[in-house]
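Protein chains in written order, with the numbering used here: chain A, 1 to 221; chain B, 1 to 221; chain C, 1 to 221; chain D, 1 to 221.
Be aware that a few hints might be false.
Said to hold, decoys possible - Each computed BS3-like pair below joins lysine-lysine, with the alpha-carbon atoms no more than 27 Å apart:
1. A/Lys167 to D/Lys221
2. C/Lys191 to B/Lys167
3. C/Lys53 to C/Lys85
Said to hold, decoys possible - If you want the ones that stay clear, here's a sample from chain A, every Cβ over 10 Å from chain B, calculated:
4. Ile62
5. Arg103
6. Ser105
7. Thr109
8. Arg116
9. Ala120
It is worth saying that the hints were derived from the structure and are not from the lab. Positions of the beta carbon are idealized from the N, C-alpha and C atoms, including for glycine.
4 protein chains.
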Amino acid sequence: MKKMILFGVLLATTGFTMFQQKKRIIFFGDSITQAGVQPKGYITRIGEKLEAKGIKEQYDLIGAGIGGNKVYDLYLRMEDDVLAKNPDIVVIWVGVNDVWHKRTSGTGTDADKFERFYNAIIKKLQARNIKVFICTPAAIGEKTDFSNELDGDLNKYAAIIRTIAEKNNCPLIDLRAVFLQYNLANNKNNKESGILTSDRVHLNEKGNDFVAEEMLKILLK
Amino acid sequence: MKKMILFGVLLATTGFTMFQQKKRIIFFGDSITQAGVQPKGYITRIGEKLEAKGIKEQYDLIGAGIGGNKVYDLYLRMEDDVLAKNPDIVVIWVGVNDVWHKRTSGTGTDADKFERFYNAIIKKLQARNIKVFICTPAAIGEKTDFSNELDGDLNKYAAIIRTIAEKNNCPLIDLRAVFLQYNLANNKNNKESGILTSDRVHLNEKGNDFVAEEMLKILLK
Amino acid sequence: MKKMILFGVLLATTGFTMFQQKKRIIFFGDSITQAGVQPKGYITRIGEKLEAKGIKEQYDLIGAGIGGNKVYDLYLRMEDDVLAKNPDIVVIWVGVNDVWHKRTSGTGTDADKFERFYNAIIKKLQARNIKVFICTPAAIGEKTDFSNELDGDLNKYAAIIRTIAEKNNCPLIDLRAVFLQYNLANNKNNKESGILTSDRVHLNEKGNDFVAEEMLKILLK
Amino acid sequence: MKKMILFGVLLATTGFTMFQQKKRIIFFGDSITQAGVQPKGYITRIGEKLEAKGIKEQYDLIGAGIGGNKVYDLYLRMEDDVLAKNPDIVVIWVGVNDVWHKRTSGTGTDADKFERFYNAIIKKLQARNIKVFICTPAAIGEKTDFSNELDGDLNKYAAIIRTIAEKNNCPLIDLRAVFLQYNLANNKNNKESGILTSDRVHLNEKGNDFVAEEMLKILLK
Numbered sequence: 001m002k003k004m005i006l007f008g009v010l011l012a013t014t015g016f017t018m019f020q021q022k023k024r025i026i027f028f029g030d031s032i033t034q035a036g037v038q039p040k041g042y043i044t045r046i047g048e049k050l051e052a053k054g055i056k057e058q059y060d061l062i063g064a065g066i067g068g069n070k071v072y073d074l075y076l077r078m079e080d081d082v083l084a085k086n087p088d089i090v091v092i093w094v095g096v097n098d099v100w101h102k103r104t105s106g107t108g109t110d111a112d113k114f115e116r117f118y119n120a121i122i123k124k125l126q127a128r129n130i131k132v133f134i135c136t137p138a139a140i141g142e143k144t145d146f147s148n149e150l151d152g153d154l155n156k157y158a159a160i161i162r163t164i165a166e167k168n169n170c171p172l173i174d175l176r177a178v179f180l181q182y183n184l185a186n187n188k189n190n191k192e193s194g195i196l197t198s199d200r201v202h203l204n205e206k207g208n209d210f211v212a213e214e215m216l217k218i219l220l221k
Numbered sequence: 001m002k003k004m005i006l007f008g009v010l011l012a013t014t015g016f017t018m019f020q021q022k023k024r025i026i027f028f029g030d031s032i033t034q035a036g037v038q039p040k041g042y043i044t045r046i047g048e049k050l051e052a053k054g055i056k057e058q059y060d061l062i063g064a065g066i067g068g069n070k071v072y073d074l075y076l077r078m079e080d081d082v083l084a085k086n087p088d089i090v091v092i093w094v095g096v097n098d099v100w101h102k103r104t105s106g107t108g109t110d111a112d113k114f115e116r117f118y119n120a121i122i123k124k125l126q127a128r129n130i131k132v133f134i135c136t137p138a139a140i141g142e143k144t145d146f147s148n149e150l151d152g153d154l155n156k157y158a159a160i161i162r163t164i165a166e167k168n169n170c171p172l173i174d175l176r177a178v179f180l181q182y183n184l185a186n187n188k189n190n191k192e193s194g195i196l197t198s199d200r201v202h203l204n205e206k207g208n209d210f211v212a213e214e215m216l217k218i219l220l221k
Numbered sequence: 001m002k003k004m005i006l007f008g009v010l011l012a013t014t015g016f017t018m019f020q021q022k023k024r025i026i027f028f029g030d031s032i033t034q035a036g037v038q039p040k041g042y043i044t045r046i047g048e049k050l051e052a053k054g055i056k057e058q059y060d061l062i063g064a065g066i067g068g069n070k071v072y073d074l075y076l077r078m079e080d081d082v083l084a085k086n087p088d089i090v091v092i093w094v095g096v097n098d099v100w101h102k103r104t105s106g107t108g109t110d111a112d113k114f115e116r117f118y119n120a121i122i123k124k125l126q127a128r129n130i131k132v133f134i135c136t137p138a139a140i141g142e143k144t145d146f147s148n149e150l151d152g153d154l155n156k157y158a159a160i161i162r163t164i165a166e167k168n169n170c171p172l173i174d175l176r177a178v179f180l181q182y183n184l185a186n187n188k189n190n191k192e193s194g195i196l197t198s199d200r201v202h203l204n205e206k207g208n209d210f211v212a213e214e215m216l217k218i219l220l221k
Numbered sequence: 001m002k003k004m005i006l007f008g009v010l011l012a013t014t015g016f017t018m019f020q021q022k023k024r025i026i027f028f029g030d031s032i033t034q035a036g037v038q039p040k041g042y043i044t045r046i047g048e049k050l051e052a053k054g055i056k057e058q059y060d061l062i063g064a065g066i067g068g069n070k071v072y073d074l075y076l077r078m079e080d081d082v083l084a085k086n087p088d089i090v091v092i093w094v095g096v097n098d099v100w101h102k103r104t105s106g107t108g109t110d111a112d113k114f115e116r117f118y119n120a121i122i123k124k125l126q127a128r129n130i131k132v133f134i135c136t137p138a139a140i141g142e143k144t145d146f147s148n149e150l151d152g153d154l155n156k157y158a159a160i161i162r163t164i165a166e167k168n169n170c171p172l173i174d175l176r177a178v179f180l181q182y183n184l185a186n187n188k189n190n191k192e193s194g195i196l197t198s199d200r201v202h203l204n205e206k207g208n209d210f211v212a213e214e215m216l217k218i219l220l221k
């Protein structure tokens, strides 16, 4: 009898523990991530895919995207929007505006400062034992003849992120690489948008699904 | 008895020495401040003016200027270059590059981020009981017909700094205001440089002396 | 027979009178002028004011504004949009985009090229005995504390236009000067728009009326 | 008497021969072409290569490059610097500054205006029966991992030039294509300069020789 009770207590404890173990993932980024929590957004799609695998209840997915954000915007709001929510995992996806704003408002981010703020964010997260996944910026234009105006600079910042991933031991979700690969195969007419994006930058339905798929490959590895 | 006297003397000496302990002032800024420690630089001139007043030994003047720095560069290096040196006073003079880099490299600083990083620096310094003086950016061009290309934006950032000074209770050294006043009186030919600057931005000999004088007015108030 | 002669004389007189009296004025510019032909636009208002003075029938007012135009856009389309229509008078109003596009798309106009293309347009018009009136760009922002971001550059280009007017003997409609004057008197709260513009650049109803009035002062001098 | 006739025939023949043989080629461009007439510059090298082939005396090579020129600078000075010199052939090489100035001074050239001014230059030259050869811009950075900041935009303008060449029936010297090809083969370490350029844009000795060779391939076809 005593053993049964003990067993019940153990079971309850374990169950409780499992409930407690629900992994909280925060997706930390810009307008692309802000849109990710909408009905067909990539974060919503990740939830649906987890559900299809029967493991939805193990995860708690939170979107923390704000339009126009650059790396130092993430830095400035990480206390409130990330650390205060005690995530187990943070997926950082930033970089498009750091490049784009050079052209549109003269306030892009210097490459060396981009790296410094990115590293500072990772250090603070890792110091709290948060697992950090990082993504390269996917696209500003989907043309496949290498004539998207900001391709060169975007490739430069993507390369910086790949180095950051390696140095900080962060799993890399190389969206820039897979977007390029997908476009080379599926954008034969060299269109500037409409393949994975609706407007050269933000994801269309296919793009949201594609990103969800790519992220899960790495997140569930 | 002898011991007591000796002890008293020691105590008095130590006390006096401690009281006398030099006030450490760090000048924290960009290339203008980097040049400030040179033979005729404004920091050197402040030293000479303090000497003329017979109070040089009360101060320890340190230049912490790095060319090209914007407000978030100061933020990123304040631990190493300011806090580690335990200053009593910090004079922050930054802003020219935050505006100028919009034109020259597409990496100026958004006005709202300028304010946030500036406030973050002040908060960290004040939390250590460091007295913070802040300056408005002096000039990018000395023309007096209001046709210096970046005047409007520079006035905008100067206005932000005046608000920051008020909100954080920091004495303001309004270099932009006094430069304009001086130029209106002394630059009748509407020259773009050569009055207080050598190249529209960096100080010539007169400019260094002028800045030294204006800073001392506020520092010794 | 007499009647026939009289009729012929009348016809000739009328024809001559009509030919003599109907002065064709083309307003040549950017989006501000494009909007000028709308119901409350400044060109429409000029027509109404001419009507109030009873001299409307002496003028034929034509709008030739295209959004986003810079000085070299005017140069490129002047054959089709101006010369082909045989105007007596051309009012050129350009410059806002030459300055603004530096910030928004990196494709503003160098000051020296601005002057060269402007002069080239005037030379071609004057070679056809067309009377040319030129305007300074009015505003990009209506703040009165000199902190509109592009004020300095706009003042620089306005100064270039004043020089062009003098050198080419073109009557000057100095909209920048009168806008500033009006705002200093009427924009006590330092608003960035809403006084003479709806959005810092384009004219609101008051602005359209104000411009019509200022243009007529010079056109009818 | 016979001698006189013979002399006259000789004179006429020589004159005719000289007139027939001496083809005047003007190289019309920016700082790269300005440097092309220097001792090891690409125009000088073309002369040397023509000499080696024994056909130097058939050509008169003239450099007409000015630092910082964009397409509309060429347009503005083509009367004085090209047409006035009655060339048989004009080689136009422009585009680097049209892209680069977007970043460095906010005064690059809109893609559609680039095309319009380029076409206008060609039309004027062809109307004089001048044979026009056109070149794509070679490089702003020699990295081979597609991370030169302005690669995307440069590819875009190069694509525009290829279309212009086809539409106007101008032989194309596709320097961008051959530079990329050469760098992929010879710049294994992904250096940003030092392969064909000295500073990412201007030609080093190898680059000048390479351009001379590529131009001759098309010029002598």
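Any hints from earlier that this structure breaks? Give me their numbers in increasing order, please.
1, 5, 6, 7, 8, 9
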